[in-house]
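Asker: Protein chains in written order, with my numbering: chain R, 1 to 254; chain U, 1 to 332.
Hints were generated in silico from the structure; no laboratory data involved.
Among the hints, a few may not be true.
What the hints assert, rightly or not - 30 Å max Cα-Cα, derived BS3-like pairs, lysine-lysine:
id, chain 1, residue 1, chain 2, residue 2
1, R, Lys4, R, Lys193
2, U, Lys125, U, Lys256
3, U, Lys84, R, Lys240
4, R, Lys134, U, Lys84
5, R, Lys240, U, Lys137
6, U, Lys231, U, Lys40
7, R, Lys209, U, Lys318
8, U, Lys84, R, Lys4
9, U, Lys84, R, Lys230
10, U, Lys84, U, Lys162
11, U, Lys201, R, Lys149
12, U, Lys125, U, Lys307
13, U, Lys184, R, Lys128
14, U, Lys318, R, Lys149
15, R, Lys130, U, Lys84
16, R, Lys127, U, Lys84
17, R, Lys127, R, Lys240
18, R, Lys149, U, Lys112
19, U, Lys84, R, Lys128
20, U, Lys307, R, Lys240
21, R, Lys240, U, Lys201
22, R, Lys240, U, Lys224
23, U, Lys84, R, Lys61
24, U, Lys318, R, Lys134
What the hints assert, rightly or not - If you want the footprint, here are the derived chain R segments under chain U, 3+ residues with CB under 8 Å:
id, stretch
25, 108–115
26, 135–141
Claimed, not checked - Over the 10 Å line for every Cβ pair with chain U, so calculated as not near, a few chain R residues:
id, residue
27, Glu60
28, Thr65
29, Thr160
30, Thr221
31, Leu238
32, Asp249
33, Ser253
We treat Cβ as the ideally placed atom computed from N, Cα and C, and that holds for glycine.
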Amino acid sequence: MLNKALTDLLTKMADDELILGHRNSEWTGLGPVMEEDIAFSSMAQDKIGHAWALYNTLEEKQLITQSADMFAFCRPENEFKCSHLVELPNAGYDFSLMRHFLFDHAEAVRYESLQDSSFEPLRNLSKKVKGELKYHTLHANAWVLQLSKGGEESYDRMQTALNEIIGLAAGIFEPSKDYEDILIAEKVYPGEKALYTRWLESIYPVLVKASLNLPDVAALTPGYGGRQGKHTSYLAPLLKEMGEVFNLDVDASW
Amino acid sequence: MYGGGYIFEEPNNKQLREEKVHDEPEKLAAFEERIARGEKIEPGDWMPTEYRRQLIRLIEQHAHSEIIGALPEGTWITRAPGFKRKLALIAKVQDEIGHGQLLYNAAETLGKTREEMINDLLSGKSKYSNVFNYPAKTWADVTVIGFLIDAAAIVNQVANSKGSYGPYCRALERICYEESFHLKQGHDAFIELATGTPAQKEMLQDALNRWWKPIMHFFGPPDKTSQHSEKLMEWKVKMASNDDMRNQFLDTYVPKIWELGLTLPDPALHKNEETGRWEYSDPDWDEFFRVINGGGPCNQERLQVRKWAEEHGRWVRKALMNPADKHALPVA
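Extracted from the complex, chain R is given alone in its bound form (with noise of 0.2 Å):
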């Protein structure tokens, strides 16, 4: 029962960082400023390491029977449990910093826990990632204050942004109602209510120095469904364009 339980928690929590790495990754040439450009890439680059690394302990513990390659890029949809949030497409530079603000939060606090997991494996990778997600977070506070306080347009992006994603970012934290209590008790992390309230706590003093209004948070709807296989429509054309090259021979060497 516990392997079931990490096996869903590592999924959730690479799927994640796979599809969210593959989104910024899009903005590779295409930045609103060239320092974005290279901002977002070398984002997307430690997301997609992240994932890998979390899909190479899957293997390496016999978690799951195929290659990490094969695990992430032949997978049928409705196998992968990431959140809706990292499945929309980019849209514009707001939506993708607001995501990227609002993510990389909620990856830092649930990194953060995990200092202090029972499973050894995300103990030792939090220590890594620790040092890569304050920089990410770096950035985001940092942009998110900056475009907040340039002007009314920006201001109002930031704010229309926020009040776009803020539900869907709270679907992140959707439970696993078969696995929590277990993961819980025997202290491998400390479960998604608990890094939902800290989320909120990290995310607060930013949104208020940049003079957003956080939404209601408990009149929101979260964009429940990713970590049960329910995806929205636009996960299942990125799956079949990132596995577009494996799957012409997943035998082959590339």
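Mind docking chain U on chain R? Use the hints.
Answerer: Using the frame of chain R, we list chain U on its own:
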């Protein structure tokens, strides 16, 4: 990548203006002596107007080539097969954008702003390497670009890094250092296909066939037909002739391609052992000029993508320019 070996003439094709060169003969003589001694020219130093103009043109085109050159490969980031290739490709394309940034900075030291340069790119006034007006149709194209176009660019950039303008040389030294990694990853991905399944080999051969002409065009028209400027060579703006660079490239890389059992679509391609020079069929220079002038398969698409980025990013740049324009605190 991606410095094109060829410095395009401006549309109205101005020749070196000798009258400017002789504006201040004493200063000019001292300037030329410095270059002859191998000294670097720095931004605050006196320099002939024409030297400044030619350098801006060269560095600007090089910078544009980096950011436009990121596009054909960039479209494959989302399709790269497997984690290793995906991560390597993102890192590589990111480096290219970083090179663009370094080069725009170097060009700015000569008095033209990044915005002016980007505007000239979008209006078509300023060119970029012709090779990026061709499409990357399959994954094999990415490996051909990563191996051979990067290799060709390194030949050019190593030469230019020994030029006379300090900021450009320093940018190029760093760029060449990173490029050598790109070349390794390109070569690795290229070999993977060349030694892979029959379908992979076929895919690679097809890509090589399609890219050979643009690769031959990369260093520009033959010396005998190009408007060769001795002054640019003397000033160490242009460091090697088109034919010499092309020959150096062929000498290093054609044997590597043949060794892998691949062919090149030019039956006349061979090395003349007496002269030490490579000989080849005419690679259709008419097409080269047609593509420069907007008639290539991807000219429109490349600029449209850049325009999209410029237009959609405008509000961000505007917000950055107006830090004082603070929004009033909301009531809530």
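Asker: Compare the structure with each hint and give your call.
Answerer: Each hint, compared with the structure:
For the hint linking Lys4 (chain R) to Lys193 (chain R), the alpha-carbon distance of about 20 Å falls within 30 Å, and the restraint holds. Of the supplied pair hints, the one linking Lys125 (chain U) and Lys256 (chain U) is violated, its CA atoms being roughly 38 Å apart against a limit of 30 Å. Restraint check: the Cα-Cα separation between Lys84 (chain U) and Lys240 (chain R) comes to about 18 Å, which is no more than 30 Å; the hinted pair holds. Using a Cα cut-off of 30 Å, the hinted pair Lys134 (chain R) and Lys84 (chain U) holds, with the two alpha carbons roughly 25 Å apart.
Of the pairs offered as hints, the one joining Lys240 (chain R) and Lys137 (chain U) holds, with about 17 Å between alpha carbons and a cut-off of 30 Å not exceeded. Distance restraint check for Lys231 (chain U) and Lys40 (chain U): the Cα-Cα separation of roughly 17 Å lies within the 30 Å cut-off, and the hinted pair is therefore satisfied. The hinted pair formed by Lys209 (chain R) and Lys318 (chain U) meets the criterion: a straight-line CA distance of about 21 Å does not exceed 30 Å. With a C-alpha separation of about 27 Å, the suggested pairing of Lys84 (chain U) with Lys4 (chain R) holds against the 30 Å cut-off.
Restraint check for Lys84 (chain U) and Lys230 (chain R): the C-alpha separation of about 28 Å stays at or below 30 Å, so the hint holds. As the CA atoms of Lys84 (chain U) and Lys162 (chain U) are separated by approximately 34 Å, the hinted pair breaks the 30 Å bound. Between Lys201 (chain U) and Lys149 (chain R) the CA atoms are separated by roughly 54 Å; this puts the pair beyond 30 Å, and the hint is violated. With a CA separation close to 14 Å, the supplied pair Lys125 (chain U) and Lys307 (chain U) stays within the 30 Å bound.
With a C-alpha separation of about 27 Å, the suggested pair Lys184 (chain U) and Lys128 (chain R) falls inside the 30 Å cut-off, and the hint holds. Restraint check for Lys318 (chain U) and Lys149 (chain R): the C-alpha separation of about 11 Å stays at or below 30 Å, so the hint holds. Between Lys130 (chain R) and Lys84 (chain U) the CA atoms are separated by roughly 22 Å; this keeps the pair inside 30 Å, and the hint holds. Taking the CA atoms of Lys127 (chain R) and Lys84 (chain U), the gap is near 22 Å; set against the 30 Å cutoff, the hint holds.
In summary, the hint linking Lys127 (chain R) to Lys240 (chain R) is not supported, as the alpha carbons are separated by about 33 Å, beyond the 30 Å threshold. For the given pair, Lys149 (chain R) sits about 29 Å from Lys112 (chain U) by alpha-carbon distance, which is consistent with the 30 Å threshold. Distance restraint check for Lys84 (chain U) and Lys128 (chain R): the Cα-Cα separation of roughly 19 Å lies within the 30 Å cut-off, and the hinted pair is therefore satisfied. A distance of roughly 28 Å separates the Cα atoms of Lys307 (chain U) and Lys240 (chain R); the hinted pair therefore holds under the 30 Å criterion.
At most 30 Å may separate the alpha-carbon atoms for a hinted pair to count; Lys240 (chain R) and Lys201 (chain U) meet this at roughly 23 Å. The hinted pair formed by Lys240 (chain R) and Lys224 (chain U) fails the criterion: a straight-line CA distance of about 50 Å is larger than 30 Å. Simply put, Lys84 (chain U) and Lys61 (chain R) have alpha-carbon atoms about 21 Å apart, close enough for the 30 Å limit, and the pair holds. The straight-line distance between the Cα atoms of Lys318 (chain U) and Lys134 (chain R) is roughly 27 Å, inside the 30 Å bound, and the hint therefore holds.
Counting residues of the stretch 108–115 of chain R whose CB lies closer than 8 Å to any CB of chain U gives 0, so the stated coverage by that chain is violated, three being the minimum. Here the stretch 135–141 of chain R counts 0 residues with a CB under 8 Å from a CB of chain U, which misses the bar of 3, and the coverage is violated. Chain U leaves Glu60 (chain R) outside its interface by the beta-carbon criterion, the shortest separation being 15 Å against a cut-off of 10 Å. Residue placement check: Thr65 (chain R) keeps its beta carbon more than 10 Å from all beta carbons of chain U (closest about 18 Å).
No Cβ of chain U comes within 10 Å of the Cβ of Thr160 (chain R); the nearest lies about 12 Å off, and the non-interface call holds. Under the 10 Å C-beta cut-off, the non-interface status given to Thr221 (chain R) relative to chain U holds; the minimum distance is some 21 Å. In this structure Leu238 (chain R) is not separated from chain U by more than 10 Å, as the shortest Cβ-Cβ distance comes to only about 8 Å. The claim that Asp249 (chain R) is not at the interface with chain U is violated, since a C-beta of that chain comes within 10 Å of its own (minimum 6 Å).
Against chain U, the non-interface label of Ser253 (chain R) is violated: not every CB pair exceeds 10 Å, the least being about 6 Å.
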